[in-house]
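J.: Listed below are the residues making up each chain.
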Amino acid sequence: MRKARPEAVLKTLPPGVQAELWRLLHTTTYEAAVPLVREKWGVKTGTTALSRFFDWYPRSRILERAATVTDEVVGKLKAVGVGLDDDTASRAGQAFFETLALQEGDAELFLDLRKLRQKDRQHQLTERRIALLEKKAQQADAAAGVVHDDTMTEEQKAARLREIFRM
Amino acid sequence: MRTARQHEIDRALMRALGQSGCYLAPRPALFALAKLHVVGEPATESELIESLGYHDTAGRLTSVQSETGAKYRLNDTGRAWVAENLS
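So the protein sequences, as listed, match chains E and C. The first sequence begins at 1 in this note's numbering and counts up one residue at a time. The second sequence begins at 1001 in this note's numbering and counts up one residue at a time.
The set of hints was computed from the structure by calculation and includes no laboratory data. Mixed in with the good hints, there may be bad ones.
Per label pair, the in silico range of CB-to-CB distance [to be verified]:
no.	chain 1	residue 1	chain 2	residue 2	range
1	C	Glu1050	E	Gln139	50 to 58 Å
2	C	Arg1002	E	Val82	41 to 49 Å
3	C	Glu1041	E	Val69	15 to 23 Å
4	E	Arg128	C	Gly1069	39 to 47 Å
Where chain E lies over chain C, by a calculated footprint (3+ residues, C-beta under 8 Å) [unchecked claim]:
no.	region
5	1020-1029
6	1049-1062
Note that the structure is predicted; figures quoted are calculated from it, not measured. Cβ atoms here follow ideal geometry from the backbone N, Cα and C, with glycine treated the same way.
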């Protein structure tokens, strides 16, 4: 059986433990948290896995956050007595929840798109590098041809080489 | 019988659905979140659709088709599955 990756172990902990770990990481360093996590939950982990968990955890709760905010908004609307019956409050809550959930989802999508754009830029840079290398190879081939050309004088060769390398 | 990979995606999807409480989660938001919960190889759209169909057929979800797309939430059977498989 394959050994689970350290961050995979943290990602599959029960929700309550994850929340507790998230709070713990706000109060201590990753280095100090490693032995604490092992002692408290029997999980062997490292600083890199903890750092990835710290980044992943809030993103992994988008629907929970949307549901909590929606509950609060609906609760407050009911409390101020705007005359919302249960059915209307429920429908308004659902619409609000969907908007929040999709906005959060879009944030994820935005991040993905940004990563894709970065990949595109890296791809363009690689293509440019290849084009430059190809150009240099062509110059080297042309220069080799000039150097080995017995029909040209030394002055002609020098002039042609300067022309090839644009000197 | 589900494969280990399918079970992994089933769990990720239910982890995501478990967060929406009494609200119906729109499919794009649900899938974006489920992808974050898949451990290992990233989940594909078709794997998530298959898993959603599996849970729906097993009667663990309340699904609604609306003008703005499909939405889902856990029903009592789904919540029992979550309690049994994810805690």
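J.: That 39 to 47 Å hint for arginine 128 of chain E and glycine 1069 of chain C (C-beta), does it hold up?
T.: holds (42 Å)
J.: Are there three or more residues in the region 1020-1029 of chain C whose C-beta lies closer than 8 Å to some C-beta of chain E?
T.: Our answer is that it holds, as 9 residues pass the Cβ test (under 8 Å) against chain E, meeting three.
J.: Hint says 50 to 58 Å; check whether the CB-CB distance for glutamate 1050 of chain C and glutamine 139 of chain E agrees.
T.: holds (55 Å)
J.: Can you tell me if the region 1049-1062 of chain C counts as covered by chain E, using C-beta to C-beta distances under 8 Å and a minimum of three residues?
T.: Coverage by chain E is violated here, the residue count being 0 at a Cβ distance below 8 Å.
J.: Is the distance from the Cβ of arginine 1002 of chain C to the Cβ of valine 82 of chain E consistent with 41 to 49 Å?
T.: With Cβ atoms ~47 Å apart, the hint holds.
J.: Has the hinted range 15 to 23 Å been met by the Cβ atoms of glutamate 1041 of chain C and valine 69 of chain E?
T.: This hint is violated: roughly 32 Å between Cβ atoms.
Of the numbered hints given earlier, the model fails hints 3 and 6; all others are met.
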